[in-house]
Amino acid sequence: MLFGLFKPRPEKLLARELYEHLLAASRQPALYGEDCVPDTLEGRFEMVVLHTALVIRVFQASAEQAHRDISQVLFDTMFDDFDAAMREMGVGDSGVGKKIRFMAEGFYGRASVYDEALKVDDPGVLELAIARNIFASEETNSASRKLSDYVRASAEKLDAQGALTLAEGAAPDFVTLG
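Quick note on this note's numbering: the sequence shown kicks off at 1 and runs consecutively.
Hints are computed from structural coordinates only; laboratory data are not their basis.
Please read these numbers as outputs of a predicted model, since none were measured by experiment.
Be a bit skeptical, because a hint or two may be false.
[Claimed, not checked] Each computed DMTMM-like pair below joins lysine to aspartate or glutamate, with the alpha-carbon atoms no more than 25 angstroms apart:
| id | residue 1 | residue 2 |
| --- | --- | --- |
| 1 | K12 | D121 |
| 2 | K119 | D159 |
| 3 | K99 | D80 |
| 4 | K98 | E88 |
| 5 | K12 | D69 |
| 6 | K157 | D69 |
| 7 | K12 | D173 |
| 8 | K99 | D121 |
| 9 | K146 | D39 |
| 10 | K12 | D76 |
| 11 | K98 | E42 |
| 12 | K157 | D173 |
| 13 | K146 | E34 |
[Unchecked claim] Distance windows between CB atoms, simulated:
| id | residue 1 | residue 2 | range |
| --- | --- | --- | --- |
| 14 | S137 | R87 | 25 to 35 angstroms |
| 15 | G169 | D81 | 11 to 21 angstroms |
| 16 | T40 | K98 | 17 to 27 angstroms |
| 17 | R68 | E116 | 14 to 24 angstroms |
| 18 | D122 | D69 | 28 to 38 angstroms |
Yeah, the Cβ is synthetic: ideal placement off N, Cα and C, and Gly gets one too.
With these hints in hand, go ahead and build the complete structure from the sequences.
See below:
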């Protein structure tokens with residue numbers, strides 16, 4: 001009887017699986033390097049945030065409360081991972097909370113901007129959002145255009161896949177770069 005008390009909830013297991021898949025997508029070597037995302041701690045953070053935001057966007061668009069609940073558990077899973085990573089890097093207990101709060105605010109801002117940009121037909125809106133958030137630039141460039149194309153194509157694939165399919169345990173269908 002006590003064993004059931006410590007068993008992870010199914011949503012947590014699903015969120016962990018989804019998170020592992022989106023981590024793999026965010027680490028595609030073709031996303032990094034020359035004329036791409038800087039292969040730095042900040043660049044990797046931005047890619048994890050971007051991929052997580054795309055999956056959460058699908059769950060949030062669902063009419064099912066259970067799907068929206070999964071998005072929250074996925075968010076929590078991502079920030080549990082960030083918390084653990086900061087502690088491994090030696091950030092003290094007092095600093096972790098402040099950094100996590102700052103990162104969470106950044107996530108919500110980016111997720112909202114990307115979601116709004118994906119709703120409009122003008123590709124320049126998403127390109128500019130990516131230029132600002134990932135490349136710290138007020139102007140688009142070839143890297144922001146390339147990443148914008150990737151994000152738009154991945155969002156379309158994820159939208160077609162749908163929250164129900166993802167909630168059943170399917171791996172998120174991101175574009176694979178060569």
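Structure-based check of each hint:
no. : hint                            : result
1   : K12 to D121                     : violated (35 angstroms)
2   : K119 to D159                    : holds (12 angstroms)
3   : K99 to D80                      : holds (12 angstroms)
4   : K98 to E88                      : holds (16 angstroms)
5   : K12 to D69                      : holds (10 angstroms)
6   : K157 to D69                     : holds (22 angstroms)
7   : K12 to D173                     : holds (20 angstroms)
8   : K99 to D121                     : violated (35 angstroms)
9   : K146 to D39                     : holds (16 angstroms)
10  : K12 to D76                      : holds (9 angstroms)
11  : K98 to E42                      : holds (17 angstroms)
12  : K157 to D173                    : holds (6 angstroms)
13  : K146 to E34                     : holds (12 angstroms)
14  : S137 to R87: 25 to 35 angstroms : holds (32 angstroms)
15  : G169 to D81: 11 to 21 angstroms : holds (19 angstroms)
16  : T40 to K98: 17 to 27 angstroms  : holds (21 angstroms)
17  : R68 to E116: 14 to 24 angstroms : holds (18 angstroms)
18  : D122 to D69: 28 to 38 angstroms : holds (33 angstroms)
Of the numbered hints given earlier, the model fails hints 1, 8; all others are met.
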